[in-house]
Amino acid sequence: MKKKVLTVDDSRTIRNMLLVTLNNAGFETIQAEDGVEGLEVLEGCNPDVIVTDINMPRLDGFGFIEGVRRNEKYRAVPILVLTTESDAEKKNRARQAGATGWIVKPFDPAKLIDAIERVTA
Amino acid sequence: MDMNEIKEIFFQECEEQLAELESGLLKLNDGDRDPETVNAVFRAVHSIKGGAGAFGLDDLVSFAHVFETTLDCVRSNKLEPTQDVLKVMLKSADVLADLVAASRDGGSVDETRTRGLVKELEALAHGDVPSPASHEAPKPAAKAPAAAPKAESPKPTDDSGFQPIPFTFDDFGSDEPAIEGSTYDIMFKPRRELYSKGNEAALLLRDLSRIGEMSINCDATALPALDKMDPEGSYFGWTISIKTAKSEDDLRAVFEFAEWDCDLEVKPSEAESSDEELPMIPVPFDLSALDDAPAVDDKAEETLAAAVAAAETASNVAKAAGAAARAEKKETAAAAAAQNNAAAAAAAAGQTIRVDLDRVDRLINLVGELVINQAMLSQSVVENDATGTSAVNIGLEELQQLTREIQDSVMAIRAQPVKPVFQRMSRIVREVADMVGKSIRLVTEGENTEVDKTVIDKIAEPLTHMIRNAVDHGIETPEKREAAGKDPEGTIKLTAKHRSGRILIELADDGGGINRERVKQKAIDNDLIAPDANLSDEEIDNLIFAPGFSTADTISDISGRGVGMDVVKRSIQALGGRISISSRPGLGSTFTMSLPLTLAVLDGMVVTVAGQTLVVPLTAIVETLQPEASAIHSFGATQRLISIRNSFCPLVDVGRILNFRSTQANPVEGVALLVESEGGGQRALMVDAIQGQRQVVIKSLEANYTHVPGIAAATILGDGRVALILDVDAVVAASRGQSLKAEMSLAATG
Amino acid sequence: MAAKKAGSGKMKLSAVLDLNEASALHGQLISMRGSDIVLDASGVERVGVQCAQVLVAGARAWDEDKKSFLVEKASDAFEKTMQLIGINPANLVAKEI
Chain A
1 MKKKVLTVDD SRTIRNMLLV TLNNAGFETI QAEDGVEGLE VLEGCNPDVI
51 VTDINMPRLD GFGFIEGVRR NEKYRAVPIL VLTTESDAEK KNRARQAGAT
101 GWIVKPFDPA KLIDAIERVT A
Chain B
1 MDMNEIKEIF FQECEEQLAE LESGLLKLND GDRDPETVNA VFRAVHSIKG
51 GAGAFGLDDL VSFAHVFETT LDCVRSNKLE PTQDVLKVML KSADVLADLV
101 AASRDGGSVD ETRTRGLVKE LEALAHGDVP SPASHEAPKP AAKAPAAAPK
151 AESPKPTDDS GFQPIPFTFD DFGSDEPAIE GSTYDIMFKP RRELYSKGNE
201 AALLLRDLSR IGEMSINCDA TALPALDKMD PEGSYFGWTI SIKTAKSEDD
251 LRAVFEFAEW DCDLEVKPSE AESSDEELPM IPVPFDLSAL DDAPAVDDKA
301 EETLAAAVAA AETASNVAKA AGAAARAEKK ETAAAAAAQN NAAAAAAAAG
351 QTIRVDLDRV DRLINLVGEL VINQAMLSQS VVENDATGTS AVNIGLEELQ
401 QLTREIQDSV MAIRAQPVKP VFQRMSRIVR EVADMVGKSI RLVTEGENTE
451 VDKTVIDKIA EPLTHMIRNA VDHGIETPEK REAAGKDPEG TIKLTAKHRS
501 GRILIELADD GGGINRERVK QKAIDNDLIA PDANLSDEEI DNLIFAPGFS
551 TADTISDISG RGVGMDVVKR SIQALGGRIS ISSRPGLGST FTMSLPLTLA
601 VLDGMVVTVA GQTLVVPLTA IVETLQPEAS AIHSFGATQR LISIRNSFCP
651 LVDVGRILNF RSTQANPVEG VALLVESEGG GQRALMVDAI QGQRQVVIKS
701 LEANYTHVPG IAAATILGDG RVALILDVDA VVAASRGQSL KAEMSLAATG
Chain C
1 MAAKKAGSGK MKLSAVLDLN EASALHGQLI SMRGSDIVLD ASGVERVGVQ
51 CAQVLVAGAR AWDEDKKSFL VEKASDAFEK TMQLIGINPA NLVAKEI
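Chains as they are written, first to last, in full-length UniProt numbering: chain A, 1 to 121; chain B, 1 to 750; chain C, 1 to 97.
Simulated from the structure, these hints should not be mistaken for lab results.
Treat the numbers as computed from the prediction; the structure is a model and nothing was measured.
Yeah, the Cβ is synthetic: ideal placement off N, Cα and C, and Gly gets one too.
Mixed in with the good hints there might be a few duds.
[Unchecked claim] If you anchor each label on the Cβ, the simulated ranges turn out as follows: (1) A:MET1 <-> B:MET3: 25 to 33 Å; (2) A:ARG58 <-> B:GLY127: 29 to 37 Å; (3) A:GLU43 <-> B:GLU36: 25 to 33 Å; (4) A:ARG58 <-> B:ARG499: 34 to 42 Å; (5) A:GLY44 <-> B:LYS267: 43 to 51 Å; (6) A:ARG58 <-> B:GLU270: 52 to 60 Å; (7) C:GLY34 <-> B:SER76: 54 to 62 Å; (8) C:GLU64 <-> A:GLY44: 58 to 66 Å; (9) B:ILE353 <-> A:ARG58: 15 to 23 Å; (10) B:ASP249 <-> C:GLU64: 40 to 48 Å; (11) C:ASP36 <-> B:GLU193: 47 to 55 Å; (12) A:GLU43 <-> B:PRO488: 53 to 61 Å; (13) A:LYS73 <-> B:ASP603: 54 to 62 Å.
Please model the entire structure based on the sequences and the hints provided.
Put into structure tokens, the structure is as follows:
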């Protein structure tokens, strides 16, 4: 069965890159544009892993991660954060919010897939 | 979708982000302190940086990074967004826009300027921040938190460390060490948080097993009794011995995501090749078995059997190779999930779609043809159905209505707010003001007013020209302004609004206004008017639009306007627009442009002139009247005036101007169309007859034939005939051009 | 839906034994204390360490009670994961130091 990935990112560019990368790697991909939409889509999409950006309108990545971790049904889903190498503080905050791991931007497809493989069975 | 397409999306998105960035900065400049405004500004730059990184646009990335860092200081309240700070930010936004353009079009940017701004941005970030290191350092190396004494992430070059090494079954369990390398001892004890954050010790051990030959020992001594335990607690710990060709860092990298939530020790084994001595369970690293369940290697079975035999507890072992029968329930669940996915995906798709402009243009053209076709059909039906009562006729009326609605809807697709153009202007104001040492604010209003994209594309240039003029010549220097008791900071106001089916764009400055004395003198010097001409203030002001009014060497000589305004006027006219100026000495000038909402259709009055069918844009016509002989006053050989409600208005014979005929027509036999030309007052255009009023589809003459003076475009009428669309302003200008001096002389002597 | 009771003393383990499942599995086992038990692991696709902990604690509790605690028809995933984390998949005993 295809692994299902929920991606949450407000950048159309990144969304498309994620979509192409993940589809090429054989994942089923569901996309949301910000944290609010991410939480909406989460219900009923039952992803194997979530990939989320931090800086987003309406609800940022931290809030989104907290939302997922509070969700009885989906709290165990691994969440990978898209972050930049330089931002240790953000990485830290994301971890505190409950992120499982991170992908350093600009992500290269191999790293993205690798990170997903690492946190999923 | 391939990478090039995504790159295109990236550049589109950059445009949006740049607009967002600029409008956010301008809001901040106006005193907006909503954290969301700052966030949006930050996000815009961040997003550009993220995408640029993905495409290896390094110049863009590094500038965006510096910019973002400074914005982050604002966001975290470490840097107050004062006017001075925002000035740097706005300039940086301009440079960012240049870098985006250079990345897209392959041009170059002003590197000195970029470097200068990088310095300014860095100074802002460092200067006002108490401990810049905690925030500014682009590399994390300097500030690894105490909680993570080890490298917090692998160096970018280490990414190969996670690749599973090639593995063959022959290697497994063979007497010869299959893998060259060293043995490491690892102690790993997860904390509860590791699991609650979605990490899984079993997966980490799996990844570890993939990079070497591994033996493992589970320490379960901390596990409480069943009724005392927390099912979500963490009790197990492991000691692992692994033989691998990889480095210690590679082993640690497996725990990259987890290392803060576990105790971890990795060290080279003291007893090399000790795997025979330790009573550990070797873990086969054919982990694909977890998914696909291939036959277990014989040797692995043996090892397992041995381990089982050595086990202390003598519980019964009931082990059967279970061909797992999947519960039916799962399939239905999967189907339900699939449905949910579709719904979710639809929700994620959002409410807008992007369509290639070419497709919209094609649609608009087709609808244009449809309108023509429908008109032709109507006409031939009317000709064959004199009573106009047949069902066909009624049906056609409905068709006409529908066609019109389709056309409106299609045009609405291409309608865009003028905002992007307005935003570009604020940059021009900043740059030109900087150049000439003036302080000017641009205030925009009605930037969401929508107009056809083709119009938007074409107003940017004349508008730019006018803005430059307003900054350079309209607004006075701060000293002059202060001397005149005005705010040293000048204001330029750019407004857009809809007005009776057209878009009205106003550009007002609070500068010194037109210096009429000088303008008039200039016009006389350039032989545009007679030295003794008696002109109204309005007429003098509008002289600046006259062709040949200004020449290059007089640009800085004129305190008012006049730099190439004839060019501006021509391009506005080419759009079917009008432009005029009103000026108050000492208080400023206002340019008003009126443009059609679309360049595709036109409401026109169909008239006959010397046997030709012409279309006069309805928007130009004030009223139509049937001249009476008593209202016509002639003077000179060719000049005629018509008196309308006690005022006189020059009469212009369209047929004569367009050279359709050589002699003037008798006004009493024709119809006068009272038109308003910008600034020049009213004129009565003489035509022979009015055929009717209808919407026509504009076909460019330039594209299909060649430019014809006095003619704006052509159209195809219902009967299939081609009709020319009159360029009212050109006709009025032509009439004025040939008569201006004569008229004025007459007025002066008469 | 943690673990389906398949007759007295028999229990089918869920497909996904992850963090979300640990509490349910724990509760289920506690409710079945006192009699022999057979765990059907044929449908298990994924095992997390926390569920493994519960199972090992269960095996110990049953051993204490002198009752039998059996895992039958272990799926490959179950078996492999248990081996991986150093637990004997047959008797759920950790290989302790």
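Here is how each hint holds up against the structure:
no., hint, in the structure
1, A:MET1 <-> B:MET3: 25 to 33 Å, "holds, 29 Å"
2, A:ARG58 <-> B:GLY127: 29 to 37 Å, "holds, 33 Å"
3, A:GLU43 <-> B:GLU36: 25 to 33 Å, "holds, 26 Å"
4, A:ARG58 <-> B:ARG499: 34 to 42 Å, "holds, 37 Å"
5, A:GLY44 <-> B:LYS267: 43 to 51 Å, "holds, 47 Å"
6, A:ARG58 <-> B:GLU270: 52 to 60 Å, "holds, 55 Å"
7, C:GLY34 <-> B:SER76: 54 to 62 Å, "holds, 59 Å"
8, C:GLU64 <-> A:GLY44: 58 to 66 Å, "violated, 43 Å"
9, B:ILE353 <-> A:ARG58: 15 to 23 Å, "holds, 21 Å"
10, B:ASP249 <-> C:GLU64: 40 to 48 Å, "holds, 44 Å"
11, C:ASP36 <-> B:GLU193: 47 to 55 Å, "violated, 37 Å"
12, A:GLU43 <-> B:PRO488: 53 to 61 Å, "holds, 58 Å"
13, A:LYS73 <-> B:ASP603: 54 to 62 Å, "holds, 60 Å"
In the structure shown, a violation is registered for the earlier hints numbered 8, 11, in ascending order.
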